[in-house]
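**Student:** Here's the letter readout for the chains.
Protein chains: 2
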Amino acid sequence: MSTYRRIVLASRPSAEPSPDNFRLETVDTPELQEGEILVRNEYLSLDPYMRGRMSEEKSYAAPQPLDQTMIGGTAGEVIASKNAKFAVGDKVVGALGWAETGVSDGVALRKVDIARVPLSAYLGVAGMPGMTAWYGLNQIMQPKAGETVAVSAASGAVGSVVGQLAKLKGCRVVGIAGGKEKCAYVVDELGFDACVDYKAGNLVADLAAATPNGIDAVFENVGGAGFDAALARMNAFGRIAVCGLIAGYNGEAVAVHNFSSVLTNRLTIRGFIVSEHLEFWAEGLRELAALVAGGQLKYRETIAQDLASAPDAFIGLLKGKNFGKQLVKLT
Amino acid sequence: MSTYRRIVLASRPSAEPSPDNFRLETVDTPELQEGEILVRNEYLSLDPYMRGRMSEEKSYAAPQPLDQTMIGGTAGEVIASKNAKFAVGDKVVGALGWAETGVSDGVALRKVDIARVPLSAYLGVAGMPGMTAWYGLNQIMQPKAGETVAVSAASGAVGSVVGQLAKLKGCRVVGIAGGKEKCAYVVDELGFDACVDYKAGNLVADLAAATPNGIDAVFENVGGAGFDAALARMNAFGRIAVCGLIAGYNGEAVAVHNFSSVLTNRLTIRGFIVSEHLEFWAEGLRELAALVAGGQLKYRETIAQDLASAPDAFIGLLKGKNFGKQLVKLT
Numbered sequence: 001m002s003t004y005r006r007i008v009l010a011s012r013p014s015a016e017p018s019p020d021n022f023r024l025e026t027v028d029t030p031e032l033q034e035g036e037i038l039v040r041n042e043y044l045s046l047d048p049y050m051r052g053r054m055s056e057e058k059s060y061a062a063p064q065p066l067d068q069t070m071i072g073g074t075a076g077e078v079i080a081s082k083n084a085k086f087a088v089g090d091k092v093v094g095a096l097g098w099a100e101t102g103v104s105d106g107v108a109l110r111k112v113d114i115a116r117v118p119l120s121a122y123l124g125v126a127g128m129p130g131m132t133a134w135y136g137l138n139q140i141m142q143p144k145a146g147e148t149v150a151v152s153a154a155s156g157a158v159g160s161v162v163g164q165l166a167k168l169k170g171c172r173v174v175g176i177a178g179g180k181e182k183c184a185y186v187v188d189e190l191g192f193d194a195c196v197d198y199k200a201g202n203l204v205a206d207l208a209a210a211t212p213n214g215i216d217a218v219f220e221n222v223g224g225a226g227f228d229a230a231l232a233r234m235n236a237f238g239r240i241a242v243c244g245l246i247a248g249y250n251g252e253a254v255a256v257h258n259f260s261s262v263l264t265n266r267l268t269i270r271g272f273i274v275s276e277h278l279e280f281w282a283e284g285l286r287e288l289a290a291l292v293a294g295g296q297l298k299y300r301e302t303i304a305q306d307l308a309s310a311p312d313a314f315i316g317l318l319k320g321k322n323f324g325k326q327l328v329k330l331t
Numbered sequence: 001m002s003t004y005r006r007i008v009l010a011s012r013p014s015a016e017p018s019p020d021n022f023r024l025e026t027v028d029t030p031e032l033q034e035g036e037i038l039v040r041n042e043y044l045s046l047d048p049y050m051r052g053r054m055s056e057e058k059s060y061a062a063p064q065p066l067d068q069t070m071i072g073g074t075a076g077e078v079i080a081s082k083n084a085k086f087a088v089g090d091k092v093v094g095a096l097g098w099a100e101t102g103v104s105d106g107v108a109l110r111k112v113d114i115a116r117v118p119l120s121a122y123l124g125v126a127g128m129p130g131m132t133a134w135y136g137l138n139q140i141m142q143p144k145a146g147e148t149v150a151v152s153a154a155s156g157a158v159g160s161v162v163g164q165l166a167k168l169k170g171c172r173v174v175g176i177a178g179g180k181e182k183c184a185y186v187v188d189e190l191g192f193d194a195c196v197d198y199k200a201g202n203l204v205a206d207l208a209a210a211t212p213n214g215i216d217a218v219f220e221n222v223g224g225a226g227f228d229a230a231l232a233r234m235n236a237f238g239r240i241a242v243c244g245l246i247a248g249y250n251g252e253a254v255a256v257h258n259f260s261s262v263l264t265n266r267l268t269i270r271g272f273i274v275s276e277h278l279e280f281w282a283e284g285l286r287e288l289a290a291l292v293a294g295g296q297l298k299y300r301e302t303i304a305q306d307l308a309s310a311p312d313a314f315i316g317l318l319k320g321k322n323f324g325k326q327l328v329k330l331t
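Chain order of the listed sequences is X and V. The numbering of the first sequence is UniProt numbering, which starts it at 1 and goes up by one. The numbering of the second sequence is UniProt numbering, which starts it at 1 and goes up by one.
One-sided and incomplete, this derived list gives chain X residues near chain V with beta-carbon spacing under 7 Å:
{"#": "1", "residue": "S59"}
{"#": "2", "residue": "Y60"}
{"#": "3", "residue": "L245"}
{"#": "4", "residue": "A255"}
{"#": "5", "residue": "H257"}
{"#": "6", "residue": "F259"}
{"#": "7", "residue": "S260"}
{"#": "8", "residue": "V262"}
{"#": "9", "residue": "T264"}
{"#": "10", "residue": "R266"}
{"#": "11", "residue": "L267"}
{"#": "12", "residue": "T268"}
{"#": "13", "residue": "R270"}
{"#": "14", "residue": "G271"}
Here are some chain X residues the structure puts well away from chain V; computed CB gaps all over 12 Å:
{"#": "15", "residue": "R12"}
{"#": "16", "residue": "M54"}
{"#": "17", "residue": "A84"}
{"#": "18", "residue": "K169"}
{"#": "19", "residue": "F323"}
Since the hints were derived computationally from the structure, they do not count as laboratory data. Virtual Cβ for every residue (Gly too), placed ideally from N, Cα, C.
Construct the complete structure from the given sequences, taking the supplied hints into account.
**Tutor:** Structure below.
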């Protein structure tokens with residue numbers, strides 16, 4: 001019988017996750033049942049939401065169970081199929097977790113065309129992170145041409161797409177990112193109008209300088225000081241999509257100090273989880289893939305090699321060590 | 001030439017307003033021009049928003065100018081008219097400020113019927129505060145029967161209407177108010193299901209006990225600890241109307257600590273100013289007046305006597321010393 005390697009959640013972190021919260025193990029490949037598909041995962045997606053699942057606190061999703069394969073998006077190839085909809089050799093995207101091999105019943109598995117969009121992009125710009133950007137921008141922020149849009153974690157898998165889509169709509173787009181290199185990428189490669197380096201120590205003044213006409217819409221991935229700085233710059237009737245608050249994911253107290261802006265500027269703030277809005281995915285993914293294929297949507301990937309590197313890569317992601325979409329290459 | 005008394009803003013407060021921020025003075029009654037109406041104000045409305053206008057900080061409205069009549073809603077009687085739409089003896093509601101007499105061009109003056117609704121009620125439950133409640137509840141919170149609604153400053157002019165309207169919709173309604181007497185009124189007179197006394201010192205636990213099924217919609221008048229306690233009790237897809245953040249009106253730092261609830265519960269938060277939604281006023285005011293006339297909407301007033309008492313009454317309002325709608329009786 002064949003085996004494969006997987007990573008399970010071994011324990012829950014009390015603050016920052018550490019490598020010993022994870023355990024690499026080898027398990028038997030199960031026998032395929034009627035209707036099932038066996039997939040060899042080529043790429044594993046690492047995303048900030050996984051940090052939330054590692055904790056037991058009440059949140060929008062059930063916690064990741066201990067001793068089970070860590071959840072996660074995957075892209076790979078069908079290597080055996082007892083499902084008429086999938087054939088050996090098909091490239092597929094699913095959520096088979098931190099594992100070299102996965103079994104799917106086909107319901108949450110999606111065949112993808114890699115002729116013009118690389119397989120890995122379906123885990124990033126043309127996948128869940130891209131859809132997250134698309135939904136937040138189009139359904140919550142709804143910016144008009146000429147408005148100013150601010151995006152935190154601007155060089156990341158989600159933020160980079162938010163900003164580029166906003167540029168395509170004719171907005172002034174200002175990113176917030178950590179470090180000169182990321183900010184240079186955001187402006188020079190992605191085409192944002194400006195990028196504020198929060199590590200430079202002048203966040204409030206730098207954001208004010210970069211947003212001379214204030215801010216009309218925010219895509220918030222981080223929370224903390226950057227969010228407060230954005231709140232202080234909001235124009236009347238501004239919209240804020242709250243996608244992530246990574247600054248507080250390890251349980252630190254991250255207070256919001258400029259909340260009064262909600263009243264004085266009559267802001268609308270909405271938190272969202274893109275997986276709850278599946279009715280938009282077909283439209284959004286089609287649009288994103290077309291933009292990638294046409295070269296209008298750029299992206300960058302940080303690719304760790306081998307399943308065993310996933311915990312360190314994930315911990316690095318939470319600290320902003322990645323540059324663009326964080327993936328693990330499994331094959 | 002006749003004269004009248006008025007109160008002007010003499011100086012801006014640095015923290016809590018004090019009586020010396022105001023100045024009582026006697027001025028000449030102007031000669032009426034064509035199209036103008038002279039009104040003897042019978043009631044002056046005191047409202048928390050006035051605190052914001054006393055400051056120079058950027059807000060949704062221009063600051064109250066120094067040495068000018070303090071802004072404010074008024075109800076009174078036409079005593080002279082050069083405007084065909086208004087006759088001597090008409091009862092009218094307007095915004096003629098902290099003054100015994102006012103001149104209007106008629107544009108922002110509204111004739112009211114006092115046959116079934118007392119004149120003073122048009123400054124409260126059947127006026128701007130009532131409309132504030134109506135708009136926040138119907139346009140932002142949109143509660144369904146069976147949902148739990150929380151209201152801060154629950155015994156106040158706005159909060160008391162929010163809760164009663166929500167009860168009419170079949171919601172479970174929980175108020176937050178300061179002191180046993182106000183809480184008893186909220187439950188016994190207004191018909192709320194429960195009221196948490198924030199002065200009792202167990203705000204978080206008491207609110208949790210009063211909302212066994214969590215909170216689906218919040219009307220926020222205060223901010224601070226009560227708002228954080230409500231955020232911690234929110235259910236998925238909860239809606240929060242932010243009408244006031246009186247806890248921070250004097251410039252205290254009032255941080256929001258439980259903002260992560262916006263993400264984990266996919267909340268929508270919207271700040272609003274009812275005067276920006278005039279398209280709803282005719283419908284709302286008609287509904288409110290009918291409910292008052294029918295005895296379905298109860299209210300309480302705290303009435304200070306004489307214009308000279310307005311500053312102290314206003315300062316008391318900001319400290320929660322009033323009980324229900326704060327008015328000044330001028331005649």
